[in-house]
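Colleague: So you can see what is in the structure, the chains are spelled out below.
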Amino acid sequence: MRGIFSKYSPELLKGSTYCLLLYIIKREPLYGYKIIKEIERRSNGYLKFKEGTIYPALHRLERDGLINGKWENVPGEQDKKQERRYYYITKKGVRALAKMMSQWRGFVNAVNLVLEPSRG
Amino acid sequence: MSIRIKDFLEELKSYLKLDPLTEKQIIKELSTYFQDKMEEFKGKGLSENEAIRAAIESFGRARNIAKLAYQAHSSGSFTDALLAALPHFLVAGLFASHLWQNFGVLMGMLIVFVMVTLFGWWIGRPRWIYTWIGYSLSPSVIGTYLMIPIFNSTISELAHQDVSMQKIWIALGIFLFFVFTVWIFIYTIIRVIRRDWILVTLMLVHLPIIGGWLLTLEQKGGLLNADLAVLHFANVPMAITLLVLGLASASFIRLRSRPMKVGALMIIGPIALSLFVYAVIGYPGMLRLLGVSLLMLIFLLAPALLDMWLTRFFRNRKAW
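In the order they appear, the protein sequences are chains X and Z. Each residue of the first sequence is one higher than the last, beginning at 93 in the numbering used here. Each residue of the second sequence is one higher than the last, beginning at 1271 in the numbering used here.
Only chain X is shown next, with the shape it has when bound in the complex (with noise of 0.2 Å):
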């Protein structure tokens, strides 16, 4: 059973990846990696991607305008100062999050009605 599971969780992973990513961009400019360890951290551990997976999304929502990627230093080993791509969320980006929250609580009460109709 567990193998079904997760041959099938990465989906679910997958579908809201894209809203995850907005809504910590929007509490807080952040980086790849610092974004990847706040979803991690919010969630326990409960949620890992493959960590390469995260740019390329990224991207995709910076391709379409929903954030904006800004180089910037920030204090590394031994006072170095080193790069980091932050990420901004736009206009287009929070009224994006809004409709995929929205969304998303849809298809949570949606799944909750079928799998635990005595809640509903």
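Note that these hints are calculated values from the structure, not bench results. Every residue gets a Cβ at the ideal spot worked out from N, C-alpha and C, and that includes glycine. Be aware that one or more of the hints could be misleading.
[Unchecked claim] Derived lysine-lysine pairs resembling DSS-like cross-links, with alpha carbons at most 30 Å apart: (1) Lys172/X x Lys1314/Z; (2) Lys126/X x Lys1287/Z; (3) Lys191/X x Lys172/X; (4) Lys173/X x Lys1298/Z; (5) Lys1337/Z x Lys129/X; (6) Lys162/X x Lys1312/Z; (7) Lys129/X x Lys140/X; (8) Lys129/X x Lys191/X; (9) Lys118/X x Lys142/X; (10) Lys1314/Z x Lys129/X.
[Unchecked claim] Selected chain Z positions facing chain X (Cβ under 7 Å, derived; list incomplete): (11) Glu1299; (12) Tyr1303; (13) Ala1339; (14) Ala1342; (15) Glu1488.
[Unchecked claim] Covered stretches of chain X (in silico footprint by chain Z; criterion: 3 or more residues with CB under 8 Å from a CB of chain Z, positions within the stretch not fixed): (16) 143-153; (17) 172-185.
Add chain Z to chain X, keeping to what the hints say.
Modeller: The following block gives chain Z in isolation, referenced to the frame of chain X:
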């Protein structure tokens, strides 16, 4: 950064097939990820080698990530698509209006093609540039085709003791033109194929159509010898075929998936040439039509074979 991570990023880059500036930005960003990830693993007490292995493991396979990155970056805007289709449309316009027979207009358009190509090359080869490069190269191919008989007869006269300085200069000039054509072709194809072989196909997709047109004109006496009015019969089929190629190029730019891009050219190219043959000489029989399509397909796939051969040839050379 460790050599293994550099090699991993190099491998990923080799699958990207995007414009150099975008590739550079992607690799720069991914290398910052590996810096952070290495620090994280080392902080957890892993050795350098273990940290490298774990960082690469958690990142995912280079080919898969490159494929996703390609899809995120490969689709051009509508402006890019229009710019890529524009050379086909302009030349289609020349045929539709019969203006290809006007030397001044022809030269003016060639200058435009070359200027746009040089500009595009200078600003880092944007995705729409390849059709412009293709049309900038076309006159040298047509020129070579037209000059071969002149070169042959001049050489033949010189061989038969009919020597004059003027003929020697003509032969030498034509020979240098041939050398230049071959050089500019090889140079351009190698530069473009290093980015992606399918861009060479996009760049040269119209050449078999122009070749077909020239061969058709041969039956009416040839481009240089026939009465120009006689040559009008192929203008409308040429215009329509080039319009189709323009639409194929625009689709190529807009599509995200690489297999779809390849498919668009491999399907529309042979159909366009078959349509041209059908429109100009009528139905030649199914077998001949299939033969024409197959030849076109081989031409369109030739850059892929060349790419494989070049990659193997230069595998051990850092310069590639």
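Colleague: Each of the hints needs a verdict: does it hold here or not?
Modeller: Against the structure, the hints come out as follows:
Straight-line distance between C-alpha atoms of Lys172/X and Lys1314/Z comes to about 22 Å, which keeps the hinted pair within the 30 Å bound. At roughly 27 Å between alpha-carbon atoms, Lys126/X and Lys1287/Z fall within 30 Å of each other, so this suggested pair holds. For the hint pairing Lys191/X with Lys172/X, the CA-to-CA distance comes to about 41 Å; that exceeds 30 Å, so the pair is violated. A hinted pair counts as satisfied when its Cα atoms are at most 30 Å apart, and Lys173/X with Lys1298/Z qualifies at roughly 15 Å.
At most 30 Å may separate the alpha-carbon atoms for a hinted pair to count; Lys1337/Z and Lys129/X meet this at roughly 24 Å. Straight-line distance between C-alpha atoms of Lys162/X and Lys1312/Z comes to about 28 Å, which keeps the hinted pair within the 30 Å bound. The straight-line distance between the Cα atoms of Lys129/X and Lys140/X is roughly 9 Å, inside the 30 Å bound, and the hint therefore holds. Of the pairs offered as hints, the one joining Lys129/X and Lys191/X holds, with about 25 Å between alpha carbons and a cut-off of 30 Å not exceeded.
About 22 Å separates the Cα atoms of Lys118/X and Lys142/X, which keeps this hinted pair within 30 Å; it holds. Under the criterion of a C-alpha separation no larger than 30 Å, the hint pairing Lys1314/Z with Lys129/X is consistent with the structure, at around 15 Å. At about 5 Å, the closest approach between the beta carbon of Glu1299/Z and any beta carbon in chain X falls short of 7 Å, and the interface hint on this residue holds. Annotation: Tyr1303/Z was flagged as interfacial toward chain X, and the flag holds, the nearest CB pair being 5 Å apart, inside 7 Å.
With its C-beta approaching chain X no nearer than about 5 Å, Ala1339/Z sits inside the 7 Å limit, and its interface hint holds. This hint holds: Ala1342/Z has a C-beta 4 Å from the nearest C-beta of chain X, less than the 7 Å allowed. Proximity of Glu1488/Z to chain X is violated relative to the hint, the smallest CB-CB distance being about 48 Å (cut-off 7 Å). Counting residues of the segment 143-153 of chain X whose CB lies closer than 8 Å to any CB of chain Z gives 8, which reaches the minimum of 3, so the coverage claim holds.
Residues of the segment 172-185 of chain X with a Cβ under 8 Å from some Cβ of chain Z number 4, which satisfies the need for three, so the listed coverage holds.
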